[in-house]
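Please build the complete structure, drawing on both the sequences and the hints.
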Amino acid sequence: KAGVTQTPRYLIKTRGQQVTLSCSPISGHRSVSWYQQTPGQGLQFLFEYFSETQRNKGNFPGRFSGRQFSNSRSEMNVSTLELGDSALYLCASSSDRLTDTQYFGPGTRLTVL
Amino acid sequence: GNSVTQMEGPVTLSEEAFLTINCTYTATGYPSLFWYVQYPGEGLQLLLKATKADDKGSNKGFEATYRKETTSFHLEKGSVQVSDSAVYFCALAVNTGFQKLVFGTGTRLLVSP
Chain A
1 KAGVTQTPRY
11 LIKTRGQQVT
21 LSCSPISGHR
31 SVSWYQQTPG
41 QGLQFLFEYF
51 SETQRNKGNF
61 PGRFSGRQFS
71 NSRSEMNVST
81 LELGDSALYL
91 CASSSDRLTD
101 TQYFGPGTRL
111 TVL
Chain B
1 GNSVTQMEGP
11 VTLSEEAFLT
21 INCTYTATGY
31 PSLFWYVQYP
41 GEGLQLLLKA
51 TKADDKGSNK
61 GFEATYRKET
71 TSFHLEKGSV
81 QVSDSAVYFC
91 ALAVNTGFQK
101 LVFGTGTRLL
111 VSP
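Chains as they are written, first to last, in the numbering used here: chain A, 1 to 113; chain B, 1 to 113.
Keep in mind that the hints were calculated from the coordinates and are not lab data. Check the hints yourself; a few may be wrong.
Claimed, not checked - Only pairs whose alpha carbons sit at most 20 angstroms apart, straight line, appear in this in silico SDA-like list of lysine to any residue: (1) 52/B with 101/A; (2) 57/A with 3/B; (3) 52/B with 97/A; (4) 56/B with 30/B.
Pasting the structure below:
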């Protein structure tokens with residue numbers, strides 16, 4: 001079974017631009033969560049989607065948004081990029097139950113110049 | 001609020017040494033506790049978990065016991081290998097489900113031959 005895949009793996013943008021990151025979950029998984037990893041703040045939860053609906057949300061500004069498609073693939077979008085948005089963005093998928101283990105992808109490294 | 005505190009790293013050990021990485025938590029309600037490991041250039045992998053007090057999670061020689069009285073979940077391994085070199089994250093989830101994890105800052109482990 002293929003694991004969680006994230007595209008692109010690396011991305012360089014400039015301040016003020018917007019960016020879209022993609023995540024394909026493990027086949028059969030309907031929950032997708034997104035996390036931001038930075039040296040200063042560590043790993044922080046962004047949001048979780050289940051069956052195309054946002055089920056949980058972290059404490060990030062409205063510039064961070066996401067969506068999930070009917071095939072469970074998910075995208076996250078960051079608008080008006082700031083230098084502090086430079087981070088590793090990790091996606092994780094799990095199946096239906098709230099107590100199911102999350103499986104993480106390798107991440108997308110975003111650099112904002 | 002919910003939070004996890006881990007010991008600062010790096011932890012530097014020789015091969016076959018005993019490993020302890022301390023983790024304490026603060027949570028409302030009754031959290032489930034996790035240890036994740038991140039190898040260089042990769043996403044996070046679940047190492048072990050415990051869902052209630054006095055449970056012991058174990059995997060690949062690593063163990064951690066959920067201690068409610070001390071709000072701790074310390075990671076231990078009797079004999080580390082060079083291949084165990086990685087960053088280890090302690091995390092918790094409360095009643096919103098395992099899809100919204102609160103992570104500690106991570107502890108880097110370096111094992112030398």
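Hint by hint, here is what the structure shows:
The hinted pair formed by residue 52/B and residue 101/A meets the criterion: a straight-line CA distance of about 16 angstroms does not exceed 20 angstroms. Taking the CA atoms of residue 57/A and residue 3/B, the gap is near 16 angstroms; set against the 20 angstroms cutoff, the hint holds. At roughly 18 angstroms between alpha-carbon atoms, residue 52/B and residue 97/A fall within 20 angstroms of each other, so this suggested pair holds. Between residue 56/B and residue 30/B, the direct Cα distance comes to roughly 16 angstroms. Compliance with the 20 angstroms bound is thereby established for this hinted pair.
Violation of the numbered hints given earlier is absent; every hint is satisfied by the structure.
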